[in-house]
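*Asks:* Listed below are the residues making up each chain.
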Amino acid sequence: MRDPHLLALTVNDSEYEVVVEPRRTLADVLRHDLLLTGTHVGCEHGVCGACTVLLDEAPVRACLVFAVQAEGSSVRTVESLADHGELSDLQQAFSDHHGLQCGFCTPGFLMLAEGVLAEQPDASREEIREGLSANLCRCTGYQTIVDAVHATACARRESAS
Amino acid sequence: MTTTDLPGIPPEVDPDQPEPDEPREHGGRPAGEPRFDGRRGRWVGASIPRHEDPRLLTGCGRFIDDIALSGMLHAGFVRATVAHAAITELDLAATREVHGVVAAYDAADLALGDIVAVLDRPAEEFTPTAMPILARGKVRFVGEPLALVVARDPYAVEDGIEAARVSYDALDAVVSEETALAPGAPAVHDEAPDNVLLDVSMFDTPGVDEAFADAALTVDVTTRSGRQNALPLETRGVVASWDARDDQLLVQTCSQVPHQVRTMLARSLGIAERTVRVTVPDMGGGFGQKCVVGREEIAVAAAAQRLDRPVKWIEDRREALTAGFLAREQRYRTRAAFDADGRITALDVDVVCDMGAYSCYPFTAGIEPLMASAEMPSVYRVPAYRVRGRAITSNKAPTAPYRGVSRPQYVMAIERVMERAARELGLDPVEVRRRNVITEFPYTGVNGVTYDPGTYLESLDLAEATIRDEGWYEAREAGDRHLGIGFCCFSERTGYGSEAFAKRKMTVVPGFDLSEIRMDTTGSVVVTSGTMNHGQSHETTFAQIVADRLGLDVARVKLRQGDTERIAYGWGTFASRSVTIGGSAVALASERLGELLCRIAAHLLETRPDNVALDGDGGVVQLDDPARRLPFEDIADVAHLRSHLLPKDVEPALTATASFDVPGDGTFSNASHAVVVEVDPGTGEIRILRYVCVEDCGVVINPKVVDGQCRGGIAQGIAGALFEEVTYDGHGEPSAASFIDYLVPTATEIPDVSIQHLETPCAFTANGAKGAGEGGTIGAPAAVLNAVNDALRHTGVELDTTPIHPSTVLAALEGEL
Ligand code: FES
Ligand code: FES
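So the sequence lines, in the order shown, correspond to chains G and E.
Under the working numbering, residue 161 is the last one in the first sequence; the count climbs by one each step, no gaps.
Under the working numbering, residue 817 is the last one in the second sequence; the count climbs by one each step, no gaps.
If you are wondering where the hints come from, they were derived from the structure by calculation, not from laboratory data.
We treat Cβ as the ideally placed atom computed from N, Cα and C, and that holds for glycine.
One or more of the hints may lead you astray.
To be verified - Some chain G residues judged to face chain E by a derived CB distance under 8 angstroms, without partners named:
| no. | residue |
| --- | --- |
| 1 | T10 |
| 2 | N12 |
| 3 | Y16 |
| 4 | T37 |
| 5 | V47 |
| 6 | F66 |
| 7 | H98 |
| 8 | F104 |
| 9 | E130 |
| 10 | S133 |
| 11 | S159 |
| 12 | S161 |
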């Protein structure tokens, strides 16, 4: 390994230490060093969003972030959403609305949606659509993904009030 | 494969056993006899939650790149940087010196057999060409693999690829129909000096010239569709390893057709097929791109065998966009004769499909023009028909049969013809379709194809009424916006059985599928299928079919696919065949297991076999005394753990198998699409305001799943109509190597789609289903193109090419076309 770095990372509330080359992406570290393979890689150039994770609660493209840049930050991946096998409200909504087919884009959409809903809890369906347009899905035509996220937003608003 | 190999049941008591000389079809029924009995149960027809969802939603799916084996190496390819050239030097010495590189191979090092796909047609119709696993002597497209680099990690693979030295003697590149067919054009393959791989005049029925001579109207339309990438979000990939204990090469790969990969791999490596096992994990889409055998899969498997180490290759997006299998680039010149009432009297078509550098296995380069030639009359009554279909080769990445396979293109051609005729005759375009559409079934067309019943006219009427009732016609007439309304009416042959494929003269003839079902001692079942789910929800829909046939809770049914060791053979998933063919095999196997359960139960209950039946709730009941019932667990317990209690003529364990093939010409799903678009007079941008789909795929196993297939298909059709195109410069250099240049539509470009279902059960699939995988993709390009033309109607311009660029719309609006 050229120019190894010892890196401390917090992922899904667990602390990890890994040795990485500076050019190693956060996506590769999550997937291949920490074996958190729920985060997917669809393009490695920042467009498809399959690799979306939350970095300090904001959605980022893990393929565009070098792992060393995440030093000291908290990363959340799709593996954090369910609670001991029980799907989160958002995951359940994806299933209810058939918001996934092959499921390859799904982890990225779930994390993007969590980011969008955290930032705009009052988002309308059209605002949600706009926010979700950051990621690509080849299977669903998007409508049911928008439906799932919108339903989650409405349910969360209802339970908050 | 026999159709009645239910273990333990002697022939004389098997209800499916044929009379000795009765003509038989797979599926245990005489040819032509209706198969679907109209039975529905508790599960079929319900939008139950998908079995696939929990693992995929929690990040527990297992996709190809998620697989890591101990000692695993990584592979990548040195690829051609010029489109057409003789290789003058390929030097891997420096590559082999790169830190971390373990091996580097060129074609001579691996010495693998070529991929050759053949049609059983005379030399003047078809020219077979070879696709070497690694290029030898010559490269034929930018991105063609020249050498394989294996290293300890993917970063070192990249370094190794960079260190390779390749020199070329460039040749002129063939990059278009014009350059391919020009006299004296450079030949992509020596075997095909004219660059034509297939040239078939499939039909020239009597009366074509007379019809044109007598025509009240002749329309002549040239339609073109751009080269597209099917673009599964997961790129291709493979992990190959040698298993000494099994004496087998284990090839885990992303394929819609695992058995075809096994067959081709064994042939290319020159080893017994037994020594290859192909498995497929979760797959992130395929859409046809993964239904052909990739040369990369074979090269990586060969490297794993040589190195005796697991080797992984994951295609990167640049490779996927430039060197993956592409699709769709076709040109149709369609001449149509009409009488004064707008009835079509003859069709004369010339189709040219640019198949790129190589013919794909197992389908060959002929698949697209042959599909177009066979099916072009579409949903219309065409009395006389002439067609010539050609596949040409060019210095572009090769093609695979992408979702719809020529149908989006020929449907676009004939739907443009209908619109053009309507305009010329001053008729409403929907009315012209009504006058021509097939309304009586079964209908045998001029193409010799028999169409089973469908709702061609009904779907068209319903789509139109929906748009009309919503006031879109008034909105368009108001004239204050550039609104256009477009339609498309089409059908799609889904159940392509071996008989239908054989008519194309393939030497490798897909068609049947197999299923085996087993019940364990707890009364749960595992069922196999030769189909290959990659988003279509087979784990759910097949379980629904099985659950109903056995009267078992759907949660107790598990489908297993994607392992060549689990099932003797299968044809995978493509051409909307899974539910029609695979789903029928699964239904028949389930029925046989049900019969076996009843037989054992009757024996245990000490009653006649005709005095028991499945009770719909996981057991067998005695009909004349319903209090006497045996749950499946009890029967299974006897079948496995106390087999001495079984009837003497029943073998232990609970398994049943079945095969299914669709007889004759197969079955047709159908749909009509209606689209409202608005074009922006300032920018030429096209917005879809409303999208209505009325579809009929026979019995719907799971409505939510069918809706999903429609919507996803329509999104891909819209992508082809408005956004995506793989373009090349004059030297064959692809201009879209990333998502920055290849424009994939997002949630803001794809509209919501409203879907209405009509249902004409298929009479000869076991479950009444007709298949729904491709329809959306087929209808969308024509409907959108027609709508845009309608929005431009005041300009007099007719656009016949997809994708439609805003600049073209703007030029039309500004009178510059
Ligand atoms: S993989 Fe990161 S955006 Fe596509
Ligand atoms: S579900 Fe397949 S890419 Fe989105």
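*Asks:* Give a verdict on every hint.
*Replies:* Consistency of the hints with the structure:
1. Hint on G/T10 is violated. Least Cβ distance to chain E is approximately 18 angstroms, over the 8 angstroms limit.
2. Violation of the interface hint for G/N12 is found here, the shortest Cβ-Cβ separation to chain E being roughly 10 angstroms, above the 8 angstroms cut-off.
3. For G/Y16, the interface hint is violated, since its Cβ never comes within 8 angstroms of a Cβ in chain E; the closest pair sits about 16 angstroms apart.
4. Contact between G/T37 and chain E, as hinted, is supported at the beta carbon level, the nearest pair being about 4 angstroms apart and thus within 8 angstroms.
5. Given the 8 angstroms rule on beta carbons, the hint for G/V47 holds: about 4 angstroms separates it from the nearest Cβ of chain E.
6. Interface hint status for G/F66: violated, as the beta-carbon distance to the closest one in chain E is roughly 13 angstroms, over 8 angstroms.
7. At about 5 angstroms, the closest approach between the beta carbon of G/H98 and any beta carbon in chain E falls short of 8 angstroms, and the interface hint on this residue holds.
8. The criterion of a C-beta within 8 angstroms of any C-beta in chain E is met by G/F104, whose closest approach is roughly 3 angstroms, and the hint holds.
9. With 8 angstroms as the threshold, the beta carbon of G/E130 comes within range of chain E, its nearest partner Cβ sitting at about 6 angstroms, so the hint holds.
10. For the restraint placing G/S133 at the interface with chain E, the shortest Cβ-Cβ distance is roughly 4 angstroms, inside the 8 angstroms limit, so the hint holds.
11. About 21 angstroms separates the beta-carbon of G/S159 from the nearest beta-carbon of chain E, more than 8 angstroms, and the hint is not met.
12. Among the interface hints, the one on G/S161 is violated; its C-beta lies about 27 angstroms from the nearest C-beta in chain E, farther than the 8 angstroms criterion.
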